[in-house]
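According to the UniProt record's numbering, the sequence shown holds residues 1 to 182 in order.
Incorrect hints may have been included.
To be verified - Okay, the calculated beta carbon distance ranges per label pair:
| id | residue 1 | residue 2 | range |
| --- | --- | --- | --- |
| 1 | Tyr124 | Leu87 | 55 to 61 Å |
| 2 | Asn142 | Phe107 | 24 to 30 Å |
| 3 | Phe125 | Lys159 | 31 to 37 Å |
| 4 | Leu143 | Glu165 | 32 to 38 Å |
| 5 | Ala89 | Ser109 | 28 to 34 Å |
| 6 | Leu28 | Arg54 | 51 to 57 Å |
| 7 | Ala81 | Glu115 | 20 to 26 Å |
| 8 | Glu71 | His37 | 48 to 54 Å |
| 9 | Ala81 | Lys123 | 40 to 46 Å |
| 10 | Glu118 | Gly86 | 43 to 49 Å |
| 11 | Glu165 | Asn142 | 54 to 60 Å |
| 12 | Arg54 | Gly86 | 45 to 51 Å |
By construction, these hints were calculated from the structure, which means they are not laboratory data.
Remember, it's a predicted structure, so these values are computed and weren't measured experimentally.
Just so it is clear, CB atoms sit at the ideal spot from N, CA and C, and this is done for glycine as well.
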Amino acid sequence: MASASVAENILTGVILPTDKERVDQLSLDQVITKLLHVLGQGVVLGSSLAIRSRDIMNDASFHIARAKSVEMEMARAQNRAKDLEGLLAEFGESKEARIKKLIVEKFKSSEDFQEAVEDVSSKYFSEGINFFKRRLAHHHPNLGIDLDGMDMDRDLLEKEEADVEEDKEKGEGKGDNSPLSP
């Protein structure tokens, strides 16, 4: 401060009217000291507020980063849960398949399976043989094949013969429509 009168003018604008009486009693050096003290406290307060706001901003940044981290971790956990659900379903299916396989293997090794296979194969082949015997008896009646001694169903034979005749009648009217026929 270059001159005392300038300092007094500045101080008169800064000092509150209630404190004016007390200030008038102080010397110029005391007033300047008090002013500098008040300004220093203002600077300290401003810097502490700046530091505090910086700390709050750092805390806010930390919490935002933490929230993003938790969000990513939650997404990873959800993906892991989906993967584990898939594995669980796959394990359940493979376990079910293994159980079925063991049951089939056990059944195949049992006597019931052997009997079932023999029954099915004997029925299959005997039906085929009976079919050809009926055809042979139908086309060559003079061979003397005894259909009664073969335990065959006569009604079934007559039904098959009627079906064959019906197919022949339907076939005569149609002709061969195949593009590959000569």
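Hints versus structure:
| no. | hint | result |
| --- | --- | --- |
| 1 | Tyr124 to Leu87: 55 to 61 Å | violated (44 Å) |
| 2 | Asn142 to Phe107: 24 to 30 Å | violated (49 Å) |
| 3 | Phe125 to Lys159: 31 to 37 Å | violated (22 Å) |
| 4 | Leu143 to Glu165: 32 to 38 Å | violated (21 Å) |
| 5 | Ala89 to Ser109: 28 to 34 Å | holds (31 Å) |
| 6 | Leu28 to Arg54: 51 to 57 Å | violated (38 Å) |
| 7 | Ala81 to Glu115: 20 to 26 Å | violated (50 Å) |
| 8 | Glu71 to His37: 48 to 54 Å | holds (50 Å) |
| 9 | Ala81 to Lys123: 40 to 46 Å | violated (54 Å) |
| 10 | Glu118 to Gly86: 43 to 49 Å | holds (44 Å) |
| 11 | Glu165 to Asn142: 54 to 60 Å | violated (20 Å) |
| 12 | Arg54 to Gly86: 45 to 51 Å | holds (48 Å) |
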